[in-house]
Amino acid sequence: MIRLEHLSKVFQTGTVNENAAIRDVNLTVKEGDFITIIGSNGSGKTTLFNLITGTYPPTEGNIYIRGKDVSREPEFKRARYIGRIFQDPLLGTASNMSLEDNMMITYRKGFKGLKVSLNGKMRDFFREKLVPLQMGLEDRMKDNVGLLSGGQRQALTLLMMVLSQPALILLDEHTAALDPKNAQIVLDLTTRFVEEYKLTTMMITHNMSQAIRYGTRLLMMDLGEIILDVEGKEKQNLTVEKLVDKFHEIREKTFVSDEALLSQG
Amino acid sequence: MIEGIFVEGLLYSLMALGVFITFRILDFPDLTVDGSFPLGAAIAATLISHGTSPWISLIAAFAGGVAAGCVTATIHNKLKVPNLLAGILTMTMLWSINIRVLGNRANLPLIRKTTALTQVKDLFGETFPNAWAYLIFFLIAALLVKFLLDLFFRTDLGLTLGAMGNNSQMVITQGVNIEYMKLIGVGLSNGLVGLAGAFAAQYQGFADVSLGQGIIIAGLASVMIGEFVLRSNRISVLTLRVILGSILFRGLMYLGRYYGYYINLTPNDLKLITGLLIILSLIVTQVRKKKKWTALAAGEKSEDNA
Ligand SMILES: Nc1ncnc2c1ncn2[C@@H]1O[C@H](COP(=O)(O)OP(=O)(O)O)[C@@H](O)[C@H]1O
Ligand SMILES: [Mg+2]
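Just so you know, the sequences run in chain order A and B. Read in order, the letters of the first sequence correspond to residues 1 to 265 in the numbering used here. Read in order, the letters of the second sequence correspond to residues 266 to 571 in the numbering used here.
Isolated chain A (complex conformation):
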C-alpha cells in the first residue's frame, strides 16, 4: 500500500544548523494496518508524515503509494488518497463557514466544479452521519464551525475525513490539544471509524500505553530512525516497561528519567 525506500530528510543543508530529521527510513505499510507511532520530541514523526503527504520533498529516497512513485508529486495531488488530521483542531475545518458547508467541501476529493451539490438530500445524509458523534451537531449544521469546541471540531474533522474515503489516514497527535474527556471521545471515534471503514491508519501519539492498546502494529522512532517495528502477538504482549527496556536495549543508553523522553499516560 505504501512503501518508503531509503527515505531521508535533511533540513538546512550546509549550515551549522544542518539537521538530519529522517535517516534512511525503509517501511512498508500493508493494506489495513493500524500503526501507532511513538518517539521522543524531535525524533522525526511529524517530518515522516510531511514527507508522505508531500508537504516538502525528501532529500533522498522514494515514496510509493499503491505501487506508484509519488516522491515528486505535489501535496495536493497525493492528498487525493491521503486523509490527514493535525494536532491543532483549527487546521481541519474552515471556522467562518457553516458545518454543512465544511462537510460539503470535504465530501469529495479533488477539483470542484460549478455544481450546487449541497441540497436537501445531502443535508439529510450529513445529519445522519453526525448523529453517531453524539455531540448534538446534527442540530447545528448552519452554525459556523468557529463556534464549536476543540473536541467537537476534531470529531467533525475526523468524520469529514472519513467520508472523503481516503486510502490512508495520518493522525498526528490529533487528541493532544484536547482535554482528557474529549481526547477519549475522539480516540474512541477514531478506532470505531478505522474498523467500520477498514482504514489503513498511521497514528502518532505521545502516550505509550495508548500506542500499545490501540492498533495492530507499533513503530518507535528515535533520531530520525525507526528503531522498533512490532506487530501481531509480539505487540499484544507489549507493556510500557517492556517498551522502555527495548528502547534501552536498542539504543544502549541510560536516561536519568525515561518519563522526560517518553511520557507515560
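In case anyone wonders, no lab produced these hints; they're calculated from the structure. Treat the hints with care, as some may be off.
Said to hold, decoys possible - A short, non-exhaustive set of chain B residues, derived as facing chain A with CB atoms under 8 angstroms:
hint, residue
1, R419
2, D421
3, T425
4, T438
Even glycine gets a Cβ: it sits at the ideal position worked out from N, Cα and C.
Assemble chain B with the ligands onto chain A, guided by the hints.
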C-alpha cells in the same frame, strides 16, 4: 442629487464586490484593482468609440479585468511573490497598457457616442428623469451581479474558494490545487472591477488612465462600512452589505465634498477621510473581536465545568 449618490453607490458596488472577494473571501489583498478599473474603462471607451455595441464592450471589459487578475495570481503562484507585491506589479504595468489601449493617450471622451447609458435613457424616454432611469438600471445591474455571486459561492467551487481564504491547508488536504483557486478568485474579482470601470467610463462620459487612482481604498472602505451595518455568515447578506456599504460610502463622500467646507474641509481632504474611515472600521473590528474572545473564553470554561 440623492439619486446621484445611489447611482454612484450602485455602480461602484460592482468594484467593491470584487474587492470583497479578494480581501474578505480569498484573504488575498489584491492591489491590481487600481489598474484593472481604468483597464475596464479604457477597453469599453475604445470599443465604443470604434462603434462596437456598448453591451459587448462591457463583456470585453470584464474579460480584460479577468486577464489582469490572472496575471497577478500567476506572478504570485509561480514566482512565489507575496500577493501585495504581485498586485502592485500588475497595477504598475497596467498603467502603460491602459494608455496603449486608449490609443496612446491618457484620456478618451465619449461625447455623442452610443453608450449603455444613452440606450437606457432612450428606453425610458420621457417617463422618468434621467437620474431615475440610471438608478433603476444600476439597481438591476448590481442586484443581478449580487445574485450571480450568491449562486456562485454556493457551488462546490465557490464553497472551496471560501474555505481557502480561511484555511488553505484544509483545501490542499482536500486534493485541490490552490494555485487554480487563486487564479479563479482573483480573476473573477478583477473581472467585476473591470466591468465597474466600463460602466464608470460610460456614466462619466470619458475614460482616463487616472480613473483608478485610490479606487482600491474606496472599495475597501465600502466593504468595511458594510460590515458595520450588518453581521451574518450568509453569503447573500455579505454581498448585500457590500452594496449598502458602497452607497453609504458615496453618501459620506458627498457630504464631505459639499458640506465639508463648514468644518474647513476641501475636496483634497477626502482621501484622508477615507483612510481614517478604514482605520476607524479596523478599530471597531478589533474591539468586537476582543469581546468575542472574552465571551469565548468564558464559554470554554463553563464547558470544562460540565
Ligand atoms: N520545517 C522544518 N525546518 C527545519 N527543521 C525542521 C522542520 N521540521 C522539523 N524540523 C526538525 O526536524 C526534527 C524532527 O522534527 P519533528 O518531525 O517535528 O519531530 P516530532 O514530530 O517527532 O516531534 C526536529 O529536530 C525539528 O527541529
Ligand atoms: Mg510532531
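Here is how each hint holds up against the structure:
With 8 angstroms as the threshold, the beta carbon of B:R419 comes within range of chain A, its nearest partner Cβ sitting at about 5 angstroms, so the hint holds. Below 8 angstroms, beta-carbon pairs count as interface contacts, and B:D421 has one with chain A at about 4 angstroms; its hint therefore holds. A hinted interface residue such as B:T425 counts as satisfied when its beta carbon comes closer than 8 angstroms to some beta carbon of chain A; here the least separation is about 5 angstroms, so the hint holds. Hint on B:T438 holds. Least Cβ distance to chain A is approximately 5 angstroms, under the 8 angstroms limit.
The structure shown violates none of the earlier numbered hints.
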